[in-house]
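A.B. asks: Protein chains in written order, with my numbering: chain Y, 4 to 251; chain W, 277 to 516.
Watch out, some of these pointers could steer you wrong.
[As the list claims (entries may be wrong)] Estimated spans, in silico, between C-beta atoms of each pair:
hint : chain 1 : residue 1 : chain 2 : residue 2 : range
1    : W       : V474      : Y       : L230      : 47 to 55 Å
2    : Y       : E203      : W       : S354      : 23 to 31 Å
3    : Y       : E154      : W       : A340      : 41 to 49 Å
4    : Y       : L233      : W       : R378      : 53 to 61 Å
5    : Y       : R67       : W       : S354      : 17 to 25 Å
6    : Y       : R220      : W       : A340      : 46 to 54 Å
7    : W       : A379      : Y       : Q46       : 53 to 61 Å
8    : W       : D493      : Y       : P23       : 53 to 61 Å
9    : Y       : E51       : W       : S463      : 52 to 60 Å
10   : Y       : E203      : W       : G332      : 33 to 41 Å
11   : W       : G332      : Y       : G232      : 50 to 58 Å
12   : W       : D425      : Y       : L231      : 55 to 63 Å
13   : W       : G332      : Y       : A106      : 37 to 45 Å
14   : Y       : P21       : W       : E322      : 53 to 61 Å
[Stated by the list, open to error] Some chain W residues judged to face chain Y by a derived CB distance under 10 Å, without partners named:
hint : residue
15   : G284
16   : G286
17   : P288
18   : D337
19   : A339
20   : G342
21   : A346
22   : N358
23   : T363
24   : F365
25   : V409
26   : S411
Hints listed in this document are in silico derivations from the structure and should not be mistaken for laboratory results. Quick caveat, the model's predicted, so the values are computed rather than measured. Beta carbons: idealized from backbone N, C-alpha and C, even for Gly.
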Amino acid sequence: MTQLPPPAPAAYGDVKPPWPGRLFIVEGIDGSGKSTQLTLLSQWLQGEGYPVVFSEWNSSPIVRNTTRRGKKRQILTPLTFSLIHATDFYDRVEREIVPFLKAGAIVLADRYVFTAFARDVARGVEPRWVRGLYRFAVVPTMAFYFRTPLEVALKRILSGRPKLKWYEAGMDLGLHTEPQASYRIFQARILDEYERLVKEYPLTVMDATKAIETQQRLLRKHIAPHLLGLRKTGVIHAVHANHAKVTP
Amino acid sequence: MTRFDSYGEGIPGVDPGDLTGWLIVIEGTDGVGRTTHVNHLRGVLEREGYAVAETGLTRSDLAAAGIRRAKEGNTLGSNAYNLFYATDFADRLERQILPALRAGFVMLTDRYIYSLVARAIVRGADPDWIKNVYSFSLRPDAVFYLRIDVPNLVPRVLAQGGFDYWESGMDLPMGADLFDSFVNYQSRVIEELDRLSVEYGFETLDATRPVEETADDLSARVLRLLARISHETEGALPPP
Numbered sequence: 004m005t006q007l008p009p010p011a012p013a014a015y016g017d018v019k020p021p022w023p024g025r026l027f028i029v030e031g032i033d034g035s036g037k038s039t040q041l042t043l044l045s046q047w048l049q050g051e052g053y054p055v056v057f058s059e060w061n062s063s064p065i066v067r068n069t070t071r072r073g074k075k076r077q078i079l080t081p082l083t084f085s086l087i088h089a090t091d092f093y094d095r096v097e098r099e100i101v102p103f104l105k106a107g108a109i110v111l112a113d114r115y116v117f118t119a120f121a122r123d124v125a126r127g128v129e130p131r132w133v134r135g136l137y138r139f140a141v142v143p144t145m146a147f148y149f150r151t152p153l154e155v156a157l158k159r160i161l162s163g164r165p166k167l168k169w170y171e172a173g174m175d176l177g178l179h180t181e182p183q184a185s186y187r188i189f190q191a192r193i194l195d196e197y198e199r200l201v202k203e204y205p206l207t208v209m210d211a212t213k214a215i216e217t218q219q220r221l222l223r224k225h226i227a228p229h230l231l232g233l234r235k236t237g238v239i240h241a242v243h244a245n246h247a248k249v250t251p
Numbered sequence: 277m278t279r280f281d282s283y284g285e286g287i288p289g290v291d292p293g294d295l296t297g298w299l300i301v302i303e304g305t306d307g308v309g310r311t312t313h314v315n316h317l318r319g320v321l322e323r324e325g326y327a328v329a330e331t332g333l334t335r336s337d338l339a340a341a342g343i344r345r346a347k348e349g350n351t352l353g354s355n356a357y358n359l360f361y362a363t364d365f366a367d368r369l370e371r372q373i374l375p376a377l378r379a380g381f382v383m384l385t386d387r388y389i390y391s392l393v394a395r396a397i398v399r400g401a402d403p404d405w406i407k408n409v410y411s412f413s414l415r416p417d418a419v420f421y422l423r424i425d426v427p428n429l430v431p432r433v434l435a436q437g438g439f440d441y442w443e444s445g446m447d448l449p450m451g452a453d454l455f456d457s458f459v460n461y462q463s464r465v466i467e468e469l470d471r472l473s474v475e476y477g478f479e480t481l482d483a484t485r486p487v488e489e490t491a492d493d494l495s496a497r498v499l500r501l502l503a504r505i506s507h508e509t510e511g512a513l514p515p516p
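Excised from the complex, chain Y in its bound form (with noise of 0.2 Å):
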């Protein structure tokens, strides 16, 4: 009775921001390193006097307690886990990382659209969906992707934090009983759809078997280019965003 489904959706990749700010992010697996590459970039342009905006996953404060109670209650599926975690992230754009990008502020995210690509895909849901899903999502100036053989990145998350939460460990999807063994499968799963993505999608691979302070300075090299016509603040502290998070 009903007719044929809407052609394929446009996707994530078309909306480049025309405001004077920047963004940069950075995405990998649990372990990789990139939280800690982050806040030493944050400390960097802090110091060289530009306002800094850092945005993260789950900060949308109407969204978090839905979340919140969806995980404690372990009633997420693949396809509500996907749906609220993209409530959260427009929340965010529209409203932590859009209006800083058009006062001119450099925004850091930890984590972006492609935490969303890889997560929601190893948890089985459709990939041409979840680009459409994230359409409106702004591309960054740079993206970056912090590659960890999955060993090494186990190693540092399981050695200093042995109770893995149900959702991180992937325990929703039945892959094993014991939550430590889900966590391994699941990552590599999470692993393995990083390394789709980067030949899907301008992201600037980082080696993060490297010494902190050698991916830093790369790290550096790369985003200073880009720093080039930005006006800086002359106080040197982070901006005070109403919602957004502030690095210490």
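The hints should help you fit chain W onto chain Y, whose structure is shown.
C.D. replies: Same frame as chain Y, but now just chain W:
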């Protein structure tokens, strides 16, 4: 052959092969009398021996409370708001509608993705984007569209206690006062539903008629549909 398919790629991890019930959608704009019709229809079907389950918008276990809070403070960005509704819908689809269909129930749905899509488009969402967001949803057995125009809608809304802030699009707003905004907003919603009714193949019922007449028309159509599909299903079974 499976009874149900999706508009798009389907629901991750869900095999539609074991869904045996009926998915019947009642669509129509705010105040057209959907709730009355759903209740009446439920009574008719149960008298005929069908097990009936119901669901409606923002009744999900997962996101209903969050959406209420977001509406109070009006604190969500526009696309985020649309996706929050999609989350609510997906939760109801997976945890209310699918189990009922698996159990062989008649699932009566007071609005489905179409009202959500229409509302999002009127509020400025990209039509292709929002349709793609909802493309995981199951194609219902039938969508009965209770169609009314704004002049006929106004007296009904007055009889029900007046104009609701959201149902008048006052968050936009679309006019100088509540009434003007209501008229403009509802005209746009009805326009979008009309467009969707062609695209998705709704069965349209003239809801400007007296309630009893529309109710009888609706029940007759639903009973015919149930009889037809149950025969088809039984006929498709292999011999014992």
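A.B. asks: All hints, please: hold or fail.
C.D. replies: Taking the hints in turn, this is what the structure says about them:
With their beta carbons about 52 Å apart, W:V474 and Y:L230 fall inside the hinted range of 47 to 55 Å. For Y:E203 and W:S354, the Cβ-Cβ distance of about 28 Å falls inside the hinted range of 23 to 31 Å, so the restraint holds. Take Y:E154 and W:A340: their Cβ atoms lie about 43 Å apart, and the range 41 to 49 Å holds. In this structure the hint that Y:L233 and W:R378 lie 53 to 61 Å apart at CB holds, the actual value being about 57 Å.
With their beta carbons about 19 Å apart, Y:R67 and W:S354 fall inside the hinted range of 17 to 25 Å. The given range of 46 to 54 Å is respected by Y:R220 and W:A340, whose C-beta atoms sit roughly 50 Å from each other. The given range of 53 to 61 Å is respected by W:A379 and Y:Q46, whose C-beta atoms sit roughly 58 Å from each other. Take W:D493 and Y:P23: their Cβ atoms lie about 60 Å apart, and the range 53 to 61 Å holds.
Separated by about 54 Å at the C-beta atoms, Y:E51 and W:S463 satisfy the suggested range of 52 to 60 Å. Separated by about 40 Å at the C-beta atoms, Y:E203 and W:G332 satisfy the suggested range of 33 to 41 Å. Our hint of 50 to 58 Å for W:G332 and Y:G232 holds, since their Cβ atoms are close to 53 Å apart. At about 59 Å, the beta-carbon gap between W:D425 and Y:L231 stays in the expected band of 55 to 63 Å.
The given range of 37 to 45 Å is respected by W:G332 and Y:A106, whose C-beta atoms sit roughly 42 Å from each other. Y:P21 and W:E322 have their C-beta atoms about 58 Å apart, which keeps the hinted 53 to 61 Å range intact. Look at W:G284: its Cβ gets to within about 6 Å of chain Y, closer than 10 Å, so that hint holds up. Hint on W:G286 holds. Least Cβ distance to chain Y is approximately 8 Å, under the 10 Å limit.
Checking W:P288 against chain Y by beta carbon gives a least distance of about 4 Å; that is within 10 Å, so the hint holds. Here the hint on W:D337 is kept, as its CB sits about 7 Å from the closest CB of chain Y, short of 10 Å. With its C-beta approaching chain Y no nearer than about 5 Å, W:A339 sits inside the 10 Å limit, and its interface hint holds. Checking W:G342 against chain Y: minimum C-beta separation of about 4 Å stays under 10 Å; hint holds.
Given hint, W:A346 at the interface with chain Y, holds; its Cβ is 5 Å from that chain's nearest Cβ, closer than 10 Å. Interface hint status for W:N358: upheld, as the beta-carbon distance to the closest one in chain Y is roughly 8 Å, under 10 Å. The beta carbon of W:T363 is positioned within 10 Å of a beta carbon in chain Y (closest approach about 4 Å), and the interface hint is therefore held. With a least beta-carbon distance of about 9 Å to chain Y, the hint placing W:F365 at the interface is held under the 10 Å criterion.
With a least beta-carbon distance of about 6 Å to chain Y, the hint placing W:V409 at the interface is held under the 10 Å criterion. The closest approach between the C-beta of W:S411 and any C-beta of chain Y is roughly 6 Å, which is under the 10 Å cut-off, so the hint is satisfied.
Violated hints: none; the structure is consistent with every hint.
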